[in-house]
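From first to last, the protein sequence lines are chains R and P. Residue numbers are given in the working numbering: position 129 of the first sequence equals residue 129, and the series is strictly consecutive. Residue numbers are given in the working numbering: position 132 of the second sequence equals residue 132, and the series is strictly consecutive.
Take the hints with a grain of salt, since some may be wrong.
[Said to hold, decoys possible] Which bits of chain R does chain P cover? Going by a derived footprint, with three or more residues having C-beta under 8 Å, they are: (1) 67-80; (2) 110-122; (3) 126-133; (4) 152-165.
[To be verified] With a cut-off of at most 27 Å between alpha-carbon atoms, the simulated DSSO-like pairs for lysine-lysine come out as follows: (5) P:280 to R:143; (6) R:184 to R:82; (7) P:121 to R:73; (8) R:82 to R:72; (9) P:286 to R:143; (10) R:184 to R:143; (11) R:213 to R:198; (12) R:143 to P:282; (13) R:82 to R:125; (14) R:72 to P:121; (15) R:125 to P:286.
The set of hints was computed from the structure by calculation and includes no laboratory data. Where is the CB? At the ideal position from N, CA and C, for every residue including glycine.
Each chain is listed here by its residues.
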Amino acid sequence: MPILEFQNVSKVYNNTAKALDNVSFSIDEGEFVSIIGPSGAGKSTVLRCINRLIDATSGSIVYDGQNVMKLKKRELRQVRTKTGMIFQHYNLVDRLSVIENVLHGRLGQKSTVCGVLGAYSEQEKERAFAILDELGLADQAYKRCDELSGGQKQRVGIARSIMQDPKLILCDEPIASLDPRASKVIMDHLQKINCERKITCIVNLHQVDVALKYSERIIGVSAGKIVFDGRPDELTDDKIHAIYGSDGSDLITDIQGEKS
Amino acid sequence: MEQTASVLTQCGGVCNARRKRSGKIKIGVHSKSSSAVKILVAVLLGLTVYAFISFDYKEIVLSEAISATLRNVKTVFLEPRLSSDTFRNVMYQLFVTFCLGTLSTIFGAIAAFFCSLLCAKNTAPSGVANAVKCVIALIRAVPTVLWVLIFAVSAGLGSVAAVIGLTFHSFAYLTKVYAESIEEIDDGTIEALRASGAGFWQIVFQAIVPASLSRMVAWTFMRFEINFTNAIAVGAAAGAGGIGFNLYMAGSFYFDLHEMGILTYIVVIAVILLEMFSTKIKERVK
Ligand SMILES: Nc1ncnc2c1ncn2[C@@H]1O[C@H](COP(=O)(O)OP(=O)(O)OP(=O)(O)O)[C@@H](O)[C@H]1O
Ligand SMILES: [Mg+2]
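Excised from the complex, chain R in its bound form (with noise of 0.2 Å):
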């Protein structure tokens, strides 16, 4: 059964060039999806659409049986609420401590004079706080953000999320200032997310390895189109080079993870 389902949406931004070009898709729960494509493509764009940070131009984006398209204030934000986002550079609130920013996660969830307030229940601290073992950062729960490593952030990142209870999590570039090994751990705790607890994942990446690596499927965007749309072993070098719009070997990521 479909969660997600982008029908004919455009995005066009100030008036100038198309960001998103009739894109159609759709997606499953439970499924692992990678985004891939050349900066500029529209990947951020297609996220930002879902959860309406940003307002597609046409088309219809029905999730979950809403088409978020046409939502209200208030029922807008319900949508939310249920749908974590991870974050490239992390975004955490940098002076409060990992716990309190793990807890944003449910600010959602709460009325405005609690959350203004800051007031948790001890059961939300209780659940935060097995979240963060879980990510293991169950030590760093009282440190502030901006004393943490990136990779830990990073998870402190999902951990939010995570606190959501989401049906659907969006990552857009979510290791891309992370080293190898980080980012190695960030994704294998996506992946573990997916399986466990069956949220869909929507994973924008760089790293045409790693999207061959980690997902069920893998989406090509170039230009505001989708050029490719299927399973991992589908991706051909070919395939890889129209999406990136090259040439020969002139790309720096070569398939590794396929012959691994």
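Start from chain R and add chain P with the ligands according to the hints.
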């Protein structure tokens, strides 16, 4: 093309240099703005000379005037003594001034916090933000003392007018600097909470306040110091009471230079103490 290139290499690029009439190489560039600056400086110089010529010097002899001034300065700073006032009363007046400064800072800060949310580009629509910025700029353009005098029209000369006037200007000043602190926050932080379904006030208090707190506190203390010194001036100008009024009376009513001296010292010490105190607090809020 080739010809010019060969010419350049022949003279080592120096033939590109512009020369003055004397043959020396110029290094400045003439532009409208540099000549505007020159004209401005000339006008200011002319005005200064004219002012000195046109002063009504009466029968003042310069050497006598200077030595008399020095004598007064000596009396003020080297022979401070309380004569008509008790120490207790002076301390009380200092406290009054302190209260004027504190009250106006607190009222101003609270109002400014909410207003700055309407004024920062990342929390308010740009139309609203620009409109609020204009109003704020207008309020700031009028000096604090003038605001006090304006409010004195309705509230009467005294501490009420002083507090309202000081608050008004602090409000505008703090709104501007708070809004700038908010605009410096990384947009991603706000976006992350928005994406998780958090509402406006939750974002304000869970992300914006923690992220800009240290800057806001620093600015608030900066303004408090300004308000304290303004409260002294206003005490004299608007009869708001406090140590400023004592200074004014001692200086221009009793001509008691000894007392002026000690009052000045007390003010200086108070300001230094405040400065030390605020530095300590600013260090804490990091
Ligand atoms: N806020 C914006 N205003 C105007 N144009 C934008 C804006 N955001 C993105 N664009 C344009 O839309 C197109 C798609 O951008 P998008 O951010 O989705 O690319 P991306 O695939 O995520 O790239 P990257 O891999 O570099 O993050 C680009 O051409 C970009 O210039
Ligand atoms: Mg992007």
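So which of the earlier hints does this model not fit? Number 3 only.
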